[in-house]
Amino acid sequence: MTRQVRRLAQVVLALFGLLFVNLNLITIVDAGEYADHPSNRRVIVREYAIERGPIVVDEVAIAASVPTEGEFRYLRTYTDGPLYGHLTGYYSHVLGRSGLEAAVNDDLTGRPSEVIAQNLESLLGQSDRPGDAVLLTVSGPTQEAARRALAGREGAVVVLDVRTGGVVASYAEPSMDPGPLSSHSRDTIDAAWNALLDDPSRPLVDRATRELYPPGSTFKLVIAAAALERGIEPETEFPDERVYDVPLTSADIGNFGGGLCAGGEVIDLAAAFRVSCNTVFARLGVELGEDVVRDQAERFGFNATIPYELAVVPSVFPDDLDEPSLAQSAIGQRDVRTTAMQMALVAASIADGGELVRPHVVEQVRDPDGRLVRGPVTSRWTGQAPRGRAVSERTARLLRTMMIDAVVSGTGRRAAIDGVVVGGKTGTAQTGGGSDVAWFVGFADDRYAIAVVVPDVVGDDATGGRVAAPIAREVLLAALGR
Amino acid sequence: MSAPAEARRAPDVRSARAREASLLVGAVALPIAGLALLGWSVSPDLSPTVTATAVSLAVIATVAHLAVRAAAPDADPVLLPLALFLNGFGLVLVRRVDLAAGSSLAAAQTGWTTLSVGALILTLLFVRRAGELGRLPYSMGLATIVLLLAPLVPGLTAGVINGARLWIDVGGMRFQPGELAKITMVLFLAGYLERNRSLLSIATQRIGPLLVPAPRNLAPVLLAAGAALAILAGLRDLGSALLFFMTFIAMLYVATGRLAYPALGIVLFGAGASVVHAAFGHVQARVAIWLDPWTDVSGAGYQIAQSLFALATGGLTGTGLGLGRPQDVPFVATDAIFVVAGEELGLLGATALLVAYLLLVIRGLRIAMTARDEFGTLVAAGLAFTLAVQTFVIVGGLTRIVPLTGVTLPFVSYGGSSLLANHVIIALLLRISDESRGAARGRDMDAPSWLARRAARSGLGGPEDATR
Numbered sequence: 000m001t002r003q004v005r006r007l008a009q010v011v012l013a014l015f016g017l018l019f020v021n022l023n024l025i026t027i028v029d030a031g032e033y034a035d036h037p038s039n040r041r042v043i044v045r046e047y048a049i050e051r052g053p054i055v056v057d058e059v060a061i062a063a064s065v066p067t068e069g070e071f072r073y074l075r076t077y078t079d080g081p082l083y084g085h086l087t088g089y090y091s092h093v094l095g096r097s098g099l100e101a102a103v104n105d106d107l108t109g110r111p112s113e114v115i116a117q118n119l120e121s122l123l124g125q126s127d128r129p130g131d132a133v134l135l136t137v138s139g140p141t142q143e144a145a146r147r148a149l150a151g152r153e154g155a156v157v158v159l160d161v162r163t164g165g166v167v168a169s170y171a172e173p174s175m176d177p178g179p180l181s182s183h184s185r186d187t188i189d190a191a192w193n194a195l196l197d198d199p200s201r202p203l204v205d206r207a208t209r210e211l212y213p214p215g216s217t218f219k220l221v222i223a224a225a226a227l228e229r230g231i232e233p234e235t236e237f238p239d240e241r242v243y244d245v246p247l248t249s250a251d252i253g254n255f256g257g258g259l260c261a262g263g264e265v266i267d268l269a270a271a272f273r274v275s276c277n278t279v280f281a282r283l284g285v286e287l288g289e290d291v292v293r294d295q296a297e298r299f300g301f302n303a304t305i306p307y308e309l310a311v312v313p314s315v316f317p318d319d320l321d322e323p324s325l326a327q328s329a330i331g332q333r334d335v336r337t338t339a340m341q342m343a344l345v346a347a348s349i350a351d352g353g354e355l356v357r358p359h360v361v362e363q364v365r366d367p368d369g370r371l372v373r374g375p376v377t378s379r380w381t382g383q384a385p386r387g388r389a390v391s392e393r394t395a396r397l398l399r400t401m402m403i404d405a406v407v408s409g410t411g412r413r414a415a416i417d418g419v420v421v422g423g424k425t426g427t428a429q430t431g432g433g434s435d436v437a438w439f440v441g442f443a444d445d446r447y448a449i450a451v452v453v454p455d456v457v458g459d460d461a462t463g464g465r466v467a468a469p470i471a472r473e474v475l476l477a478a479l480g481r
Numbered sequence: 000m001s002a003p004a005e006a007r008r009a010p011d012v013r014s015a016r017a018r019e020a021s022l023l024v025g026a027v028a029l030p031i032a033g034l035a036l037l038g039w040s041v042s043p044d045l046s047p048t049v050t051a052t053a054v055s056l057a058v059i060a061t062v063a064h065l066a067v068r069a070a071a072p073d074a075d076p077v078l079l080p081l082a083l084f085l086n087g088f089g090l091v092l093v094r095r096v097d098l099a100a101g102s103s104l105a106a107a108q109t110g111w112t113t114l115s116v117g118a119l120i121l122t123l124l125f126v127r128r129a130g131e132l133g134r135l136p137y138s139m140g141l142a143t144i145v146l147l148l149a150p151l152v153p154g155l156t157a158g159v160i161n162g163a164r165l166w167i168d169v170g171g172m173r174f175q176p177g178e179l180a181k182i183t184m185v186l187f188l189a190g191y192l193e194r195n196r197s198l199l200s201i202a203t204q205r206i207g208p209l210l211v212p213a214p215r216n217l218a219p220v221l222l223a224a225g226a227a228l229a230i231l232a233g234l235r236d237l238g239s240a241l242l243f244f245m246t247f248i249a250m251l252y253v254a255t256g257r258l259a260y261p262a263l264g265i266v267l268f269g270a271g272a273s274v275v276h277a278a279f280g281h282v283q284a285r286v287a288i289w290l291d292p293w294t295d296v297s298g299a300g301y302q303i304a305q306s307l308f309a310l311a312t313g314g315l316t317g318t319g320l321g322l323g324r325p326q327d328v329p330f331v332a333t334d335a336i337f338v339v340a341g342e343e344l345g346l347l348g349a350t351a352l353l354v355a356y357l358l359l360v361i362r363g364l365r366i367a368m369t370a371r372d373e374f375g376t377l378v379a380a381g382l383a384f385t386l387a388v389q390t391f392v393i394v395g396g397l398t399r400i401v402p403l404t405g406v407t408l409p410f411v412s413y414g415g416s417s418l419l420a421n422h423v424i425i426a427l428l429l430r431i432s433d434e435s436r437g438a439a440r441g442r443d444m445d446a447p448s449w450l451a452r453r454a455a456r457s458g459l460g461g462p463e464d465a466t467r
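Residue numbers (numbering that gives the first Met the number 0), protein chains in the order written: chain L, 0 to 481; chain D, 0 to 467.
Next up, chain D with everything else stripped away, as it sits in the complex (with noise of 0.2 Å):
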């Protein structure tokens, strides 16, 4: 491009990553401030492990703010602040359960960090534009399905954890495909809704007040999704089946603008919950401690009881980082990591946390709806709302709103996979927000990214090349 342009572009690149920037410190800034509260907890002296957590989180948050400078200039500043708000929030919790429990969780969580981390810079560089993606929608699906049955080929599975069969092993690391099948599926059905959109508006029938398109257009959907739920129900991960589902739903809903999905979908749901509800004894059990946690208080009842003790404790403003209990509850690092927040630093910690997510979901939606094309507002609504329907299960299960259910709070339960996936997500996020407000700015989508450039000149060759 001609240097005046480059002049005129040269402020705006400025102005999204400055923010960016600054939102960044802050957002390292408060888990680190945590991080330093739970060691003054201890002992008065700076704790090695506080200074090295800090360290990494600030040295990883300029790493990726690096990154996205270079390969997303353009993308949403508020995201990558979020996301790692959240995640070094989630070190601190995981920090506090370590001190009560006597683990080292929140240094491996911080490994993880790390490789998620890297992972999002890793697919911001393969993806140079989500458009890409949108090409493969069966290859998705496949990969959708081969990702949740892989815990089940018996050379790769880690066996049965916790009553289920949803890990593999890596390397002698544990690692769980259905996190990342979750993206899988989306861009499937992103691509094969943006391909097939007019087909299933139309409406060829009508049933009562709702306009409904013809099944044959539905049927790979129907067989995809049907075969997801399927295999999850089978693998008992009814939680990871519910988002699934609601994520379904909703794109579907985005995509072709009828109601007569979300109709659908709930009286599917009704109908697949009575039927799952009935086949499965641990299904009515959840149930039942959903309803009534009192009766068996000490036994199935407990860890709804404890998670509500640990939140009436915290109050409005907690009993304070560290002088709460969270060894009274079940799974506190993994599903139940939300209760810690509620009660050492009460209602308003939780409210603040609640808050991060919306804002990250909302973000999102945003992104969605400013795309540059449908593939991208499909992925980006099905991805935003996918964090939305987990952060609301989950909270929702500890908070007796709905049946308790397996799912991880995003970024901030201790879980690699759940981190590696979630960062994905926000690395899909940027490269669709950085595409849209890119094309915006007025910069030249086709133009070899920066990266690309210095490749070429490296005579490394890269994707831009081929495409040239």
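In isolation and in its complexed conformation, chain L is listed as follows (with noise of 0.2 Å):
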């Protein structure tokens, strides 16, 4: 029985070897994926008895820790939650982080989480270190301003800057509040959570970077710019028609309004531009056809992830379009749909003659004591445009023009602005559930570049002309320190 026994033994053998093979694994191998699992409250805990370092605007800061007594020795706190709210993100003890609070999160503890989590910390006498600063690209006026031109208006401002990329404002209704998530009661964590998870609206929803909508007549941008790349001249003419006789089907384009875009003969493309014409552009769109329209949209970034810190939904240019289909998506209609975001994205590749930047919210990451740890990045998004632009210089500077012309005599007169250069494209997309998407995609002085969209607008009167360009005009006068 001797030998049975060592066999035996062997068996104890093996299964214990399998024991500790396993355990290396877990506490070592795949410890950084079980520290960084959104369910691990651990790290968060650990994490949440360092000072985690601000984000801040302007060189106020709106996300700060504050020392408390208890088990978490600092509380997060935010000067108005609900301004930065969709930016800043929250950060719970229960909830886990999200935002920029989970984006920038390695910066604002000062170190990685796998040196969090495994306490390497205390080894390499780290411990009390603070957290390193987060300053953003986001101007506090240019945010509020967002927020009172809004005015509680479900929708989204995006602002960037057209040299650097550079978010100067992000702002979406409706919006929500982090301070109640991040706290360290666990009972106000879970009525805060529960009251925005109830919230028929949404607030949880960045409507600027996480919520797609047909772009309207905003997408006579891309058109535009796929027409100007390949000859077509903002004097060539069109046929100035009622409506476009659609191939292949009886649902015809009409003009908003139903009537002609000009004198009934015809008309040239940058008038089109001007008053948004839907016949010229619904032919235009079909006479290019859908993989040279696909193209243009997709070197402006559609149909790929938009690199941000945060993340951005895809905007979509559907595959495989009939004409009837081309038709419509030509005018921004149909299955199209895009972010406030992207639309800021191509607003500014056509002021920065033609390149796309990459957008960016975290200007300067700077350690406790003011020494920059990572400065001003400044770089062009190839996305998928082979050469690095979305347009030739040449289209992007005509573009610009129409847009100019748009905002000084066409539809984008309500985002004019005294002694400024403002160019814009409105649009109002009609979403076949009885209300509207009013846009107004624009720039002004060749410095910022805007988005804004309005969803849920009924009437008359909801067009992006009257809803969107307003409130473009009063969010630029703030960015331009007006």
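Source of the hints: derived by calculation from the structure; they are not laboratory data.
The structure displayed is predicted, hence computed values, not measured ones.
Be aware that one or more of the hints could be misleading.
Stated by the list, open to error - Okay, the calculated bits of chain D under chain L, using three or more residues with CB under 8 Å as the criterion:
| # | region |
| --- | --- |
| 1 | 138-146 |
| 2 | 251-257 |
| 3 | 299-308 |
| 4 | 312-318 |
| 5 | 328-335 |
| 6 | 346-359 |
Stated by the list, open to error - Listed below are several chain D residues computed to face chain L (Cβ distance under 7 Å; list not exhaustive):
| # | residue |
| --- | --- |
| 7 | Pro47 |
| 8 | Val49 |
| 9 | Val296 |
| 10 | Arg362 |
| 11 | Thr376 |
| 12 | Ala380 |
| 13 | Phe391 |
Ideal placement from N, C-alpha and C gives every residue a C-beta, glycine not left out.
With the hints as a guide, bring both chains together as one complex.
This is the structure we're talking about:
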């Protein structure tokens, strides 16, 4: 029987060997994954004992860690939580982290999460070091102007610095207050979270980056860009029709208000753009063909993930369109969907000579002594454009002029500002649900690009020109410092 | 015995027990240090609880050592220190949980430790020769069934706790007779197998490459094992069912040397597992979260997820005693106590704990190999293997090697019944070891023990007197 017992011992050794190896896998190899798991509260609780760095706008901390008594040594407090809520996100020992609190967590804690998780910091003698400060590109007055201008209506405003790609404002209604979610009290957190979940207006969804809307006539920017890239000029003439007879269908496309766009004979591209002529652009879309249109859309960033610290839902220009669908898509209806961020990017690239800039909201990271850890990053985003350009310089210049015209004497009149060169494109997309989506996409002084979207507008006054353009004006004024 | 022989014997007794004594010092010092650290993590003053527990441990260890010296002088010197080390370690971890949860389980556990070591001593005193236990295999088999069924008896039961009916109420204390059933089952199997070894080894048929004995000879064991498994399945204690089954197969293999038994065992296990899986919803749930705890991470998969998080947080060196978060893990004082070691003492601490178990088991198997008779071999092998499997099942369950089942970590988990049973196991191993090493040393195994002689001198009489 001795032999058998020996065999038994080998089995036992094998079983324990399995236990050892697996333990190694869990505690060493996969430890980082477990540390970062959103449901793992342990790292967060330990993180809470670190003095978390502030998130700063215009040299004022909008999110800061305040020392407290109790199990969690610091409390994350937000000055004007709802104003920046979608940007900062929350920092909750129950819910985890969201927004920038998640995206730049390693900076805010001053060390990578694995170090915290495995308690190596005490080995490395770093326990009491506060986290780094994260300075944002956001301008407080501009952000506030966006909130004021939206006046509680559902919608979003995104303002980009044309040259750097910095996000000067990104505000969406409904907004959410991260304060209660970051509380120490479980009850407070649960109550606030449930209230947010139960709210039918879905305040947790950032309309600036996480909600897709049909762009309506603002998509004509893409069509016009595609046309200009292919040799069509602003003076090129098109038939001025009341209705564009869409091939293969009886659902023809008419103009807003049901009339002609011009005198009734012909209309050039620039004029069609200025008055937002549906029939011309529907025809143009079909004549250019879906591949050309899609290619241009993708060069602006459609069907791609925009590189940004926070997640942006990719805008969609669909595949496999038949001519009726293409005609509808050309005027930003049907299945074309976009975010406010994407359209701001389109405006920024046109104002910047055709190059796509990389949007970012983190300006700088500074350590507790004020030294620069990571500096301003301005870079281009090649997206899916082969030469890194959405459009050629010439096209950008021509399109820019058309956009300025649209504001001076076209549908975008209500965005005009004295003494400032403002260009833009309005849009009013029908959703088929009884309400429309109002848009304004534009730029000011070649410095700031803006996209304003206000969904759920009803009535004859509910157009991009009447609803969205004035909002853009107010926000641009703030951005320009007036 | 003549004086020169005694003089010859004396050094050997001293060396085994001397080793044990010195090992005990370390085995008790480490947990005391752990308790002290825990105490300091709460307050810089010396806590009375720490002092009390430390003193208790030291006293228990001393008394146990003296008892072993008297009743099993030649026994393996490493078993008791390892057992008390694990026990003490368990006290540290349970105290840690207490500090987090505001409970006072450690005090109860210390009480149980005293009782359990008392049971160890009593076992040593009353089981003079291991072979005696082998004379009553059928009684042992019956006792197993009785112990397993006891929680179903209306007057005795403590009701349904955590979804299972495994407890009885003994004078206000809750006890799990199933823990003792593990031991009686091993004793039953060992007794039966020793008698019928040859019958069970002789192959009468061939199934493929395996030589298979006649089924008729297996009938009693199959019946008993089958009954035990059925009861456990009915009681929803599938962890224990697994333990019983694997020990059964292992002992059959040790007794007969026929690989047919393990092979058949694997097949039967597969079949049984499928049936059980199909029949029981809670089994399906357990398997589901074993395969994927992440889908329902805050519901069904919570215990496994939190265990993994705790272990990962510990990393290599752990968070440090008192700096982890045991309160986030369900059943942390009982089934999941291992992750407290993993989180706070790290991979190093957890590995040290596993090594202690491994040493204990290997030592037990060594005792099996050198046992004086076949019964001793079978008992030692069975008991040691049970400890090994139990440790594997719970640690493996917490780390997702196997589905999680509700078995305790021997000596360490909070739980008096388990502690008591495990100390009785140690006592039996000590007894078997004492017999084989004593015989090897030339001790007269039939001579009355020191205790019996003392008893005889004082006129009390004892078991030894009856045989003289």
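Cross-check of the supplied hints:
1. For the region 138-146 of chain D, the stated coverage by chain L is not satisfied: 0 residues place a CB nearer than 8 Å to a CB of that chain, which falls below the threshold of 3.
2. Counting residues of the region 251-257 of chain D whose CB falls under 8 Å from any CB of chain L gives 4; the rule of at least 3 is met.
3. Counting residues of the region 299-308 of chain D whose C-beta sits closer than 8 Å to any C-beta of chain L gives 3, which meets the bar of three, so the coverage hint holds.
4. Under a criterion of three residues with beta carbons nearer than 8 Å to beta carbons of chain L, the stated coverage of the region 312-318 of chain D is upheld, 7 such residues being counted.
5. With 0 residues bearing a CB less than 8 Å from a CB of chain L, the region 328-335 of chain D misses the requirement of three and the coverage assertion fails.
6. A stretch counts as covered by a chain when three or more of its residues have a beta carbon under 8 Å from one of that chain; for the region 346-359 of chain D and chain L the count is 6, and the coverage holds.
7. With 7 Å as the threshold, the beta carbon of D:Pro47 stays out of range of chain L, its nearest partner Cβ sitting at about 25 Å, so the hint is violated.
8. At a threshold of 7 Å, the smallest CB-CB gap from D:Val49 to chain L is about 23 Å, leaving the interface hint violated.
9. Hint status for D:Val296 relative to chain L: holds, with the closest Cβ pair at about 5 Å, below 7 Å.
10. A cut of 7 Å between beta carbons decides the hint on D:Arg362: the least distance to chain L is about 10 Å, and the hint is violated.
11. Taken as an interface hint, D:Thr376 checks out: its beta carbon lies about 5 Å from the nearest beta carbon of chain L, inside 7 Å.
12. Among the interface hints, the one on D:Ala380 holds; its C-beta lies about 5 Å from the nearest C-beta in chain L, closer than the 7 Å criterion.
13. The restraint placing D:Phe391 at the interface with chain L holds, with a minimum CB-CB distance near 5 Å, inside the 7 Å limit.
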